[in-house]
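**Student:** Residues per chain, in single letters:
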Amino acid sequence: MSGGVDSSVAAALLAEQGHDVIGLSMQLYDQRGGEQAWGTCCTLDDLHDARRVASAVGFPHYIVNFERQFRDTVISNFVQEYASGRTPLPCAHCNSDLKFSTLLDRARGLGAEHVATGHYARVEQAADGSWLLKRSADPDKDQSYFLFSLTQDQLARAVFPVGGLVKSAVREQARRLGLPVAEKPDSQEICFIPDGDYASFVERKQPAIARGGAIVDETGRELGTHGGVHRFTVGQRKGLGIASTFPLYVLRIDAEAGTVTVGSRNALDQTRLTAGSVNWISIDAPDAPVRVAAQIRHRHKPAAGVVRALPDGRAEMTFDQPQPAITPGQAVVFYAGDTVVGGGWIEAGDRRV
Amino acid sequence: MQRIYLDYNATTPLLPAVVDRMTEVLRDEFGNPSSVHHFGQQAKAAIDDARSDVANLIGADPSEVLFTSGGTEGDNIAIRGAAEALEPTGRRHLVASAIEHEAVLNTLKALAKRGWRTTLVPIGQSGIASPSALREALADDTILVSVMHANNEIGTIQPVAELARIARERGALFHTDAVQSAGKVPVNVKTLGVDMLSMSAHKFYGPKGVGALWIRRGLRVLPLLTGGRQERSRRAGTENVAGIVGMGVAARLAASKMADEGRRLAALRDRLEAGILRAVPGTVVNGSPDARVPNTTNISFDRVEAESLLIALDLEGIAVSTGSACSSGTLEPSHVLKAMGFNAHRTQNSIRFSLGAANTEAEIDRVIAVLPGIVDKLRSLTRTPARA
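Residue numbers (my numbering), protein chains in the order written: chain A, 1 to 353; chain B, 1001 to 1388.
Everything labelled a hint here was simulated from the structure, so no lab data went into it.
Fair warning: there could be bad hints in the mix.
With a straight-line cut-off of 20 Å between C-alpha atoms, the simulated DMTMM-like cross-links for lysine to aspartate or glutamate are [said to hold, decoys possible]:
id, chain 1, residue 1, chain 2, residue 2
1, B, K1338, A, E67
2, A, K301, A, D254
3, B, K1208, B, E1087
4, A, K301, A, D284
5, B, K1377, A, D20
6, A, K301, A, D338
7, B, K1377, A, D153
8, A, K238, A, E189
9, B, K1377, A, D105
10, B, K1338, B, D1365
11, B, K1113, B, E1102
12, B, K1377, A, D45
Work the whole structure out from these sequences, hints included.
**Tutor:** Below, the structure written as structure tokens:
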């Protein structure tokens, strides 16, 4: 329970249906230094909101301290990815490595059968007993992209009570249930970086990262310099500090060499990508290529193509049409209609057709 | 659900007699004690009665008892008030034990930022401060030593009389935080030989928001709150009459029941402790079992996070506590167990059981009966934390 409207309604609906609900909120950072303006979500006030909801509905609520686990999994991965020239996706790591692992274990230790969250996604059981992850009923709010790395065991324990509702209906439920958070605004930013300044955050965590380097064009010609590869993401246009007759975009980041390669908008388009740590949710790793619609970032309109399983848990996705800004570190998630077939972490894009 | 409350060191419920007397005051005796007329006199008399009862509990003269808002304020007046009063002497060294309540530790930290030197007396695994460690901590310019009488987390009783003698021989004042001992075990300011002693009403079945600080007659301590002449100009502001009266009733009742109740609780506590050690493998008691308040035991459970155990017990209707609660209500590793030199496992896996008036043998036996199953379940689901 983050203290927001979605997880509050999720908990309240389950309680209303007669389930035995225990509310848990995760404390993820040290909040004793009250002057620090932490987080757009899960601040001290948010934890108090969660407690008020639990008290209003009438189930027990506890705050569990996962500072160490959050630091060791989500934050550490976040910093490491930027240091490696990739663009991390911390919410997906938090889901599979914290909420549906450490938190799930904790909940089971307390006797709980399932962990419910306020995610906009659906879990359904197929005829053969396997678990399917599906898009939310609200296409605008759908979060299945961030849940692709859940395994069958994790999905079997996951419950998403608002996954079948659209956002406005969730707020209506909150009002109907008299929850004190019904009108609370949605959170947007990554929760542990409220000001959205990822570069400064990464530098605070790993000062050595602020190592300058060259900005080059596709031929290797130096166009300028930069203050560290962690300040860039593939597809970025602003903040390059280079005068040019046509708009320049970040095409590639080479952390080892410290170079950022830029080029024209057209050069961003790529047809193929490889992904690692692929999780095939509803099927075994396929022997033959499978036609899917693949989503390469949050809010990307899934694009049709063919995915082929590679050895070592990797996969190669070939799009029918070139896709802009395929970004290492982000997830590629394969859909068949509303159902998540699987997904993996993007290693590299490729322009070869 | 039949709930079992085993967190009396956190707070206690009001005794019915306390509620009754406070209700009378709240309803009928609303006067301002500083007023000259009948209403004021009535309130003043009620406060004076309470002052006598509180003084009696600690063997003090009523005129030396100053009512406060609780233990934290008492500790603050004692330490800040003495430090400021003695500032012109140029002596600027303060000493406290490493297992003090945060009311003392953070007050020292605040003064350290303003130029006072501070030294914490290390504490061994017994949880008891040693006289030799105090001797080493003292300096020629030490103005004040603060060592608690009984520790809130593990219940150990400090050799305050001996420590106070050592401090006073070096010319330092001695303050003791007796919040966890007053009302539970005999406390006598004369035998202890201290200069200041703070206490809190809600730890012995009185109301929250009221406490007392005993200051040896003639000792000059600057007030934190300035204004009117209440409490002999040592704490300005209209008195919390109902709270003070409630504290008085609670103090009187605590004094009259102390010996019998202490024996009863010690027997229950020992039964609980022995039962847990027998029924749950991988358990160990923290702190010396010999010198403790009768109601407290602190036990570490190997391979169980205290946070989970506390929640699981609460879901079973059993209220216990661990470490010191912080602002969000989550749990930090205990600074007390850390100071005693225990490793992270032991400091993060410890649970405090603190008993009190309502507890029965049947309750204790139920706790002993449900604990093994809870601990087994938690242990079976513990996964090694991922390391970066």
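**Student:** Look at each hint and say if it fits the structure.
**Tutor:** Verification of the supplied hints:
{"no.": "1", "hint": "B:K1338 - A:E67", "verdict": "holds (19 Å)"}
{"no.": "2", "hint": "A:K301 - A:D254", "verdict": "violated (27 Å)"}
{"no.": "3", "hint": "B:K1208 - B:E1087", "verdict": "violated (33 Å)"}
{"no.": "4", "hint": "A:K301 - A:D284", "verdict": "violated (25 Å)"}
{"no.": "5", "hint": "B:K1377 - A:D20", "verdict": "holds (19 Å)"}
{"no.": "6", "hint": "A:K301 - A:D338", "verdict": "holds (13 Å)"}
{"no.": "7", "hint": "B:K1377 - A:D153", "verdict": "holds (19 Å)"}
{"no.": "8", "hint": "A:K238 - A:E189", "verdict": "holds (19 Å)"}
{"no.": "9", "hint": "B:K1377 - A:D105", "verdict": "holds (11 Å)"}
{"no.": "10", "hint": "B:K1338 - B:D1365", "verdict": "violated (30 Å)"}
{"no.": "11", "hint": "B:K1113 - B:E1102", "verdict": "holds (16 Å)"}
{"no.": "12", "hint": "B:K1377 - A:D45", "verdict": "violated (32 Å)"}
Going through the hint list in order, the structure does not satisfy hints 2, 3, 4, 10 and 12.
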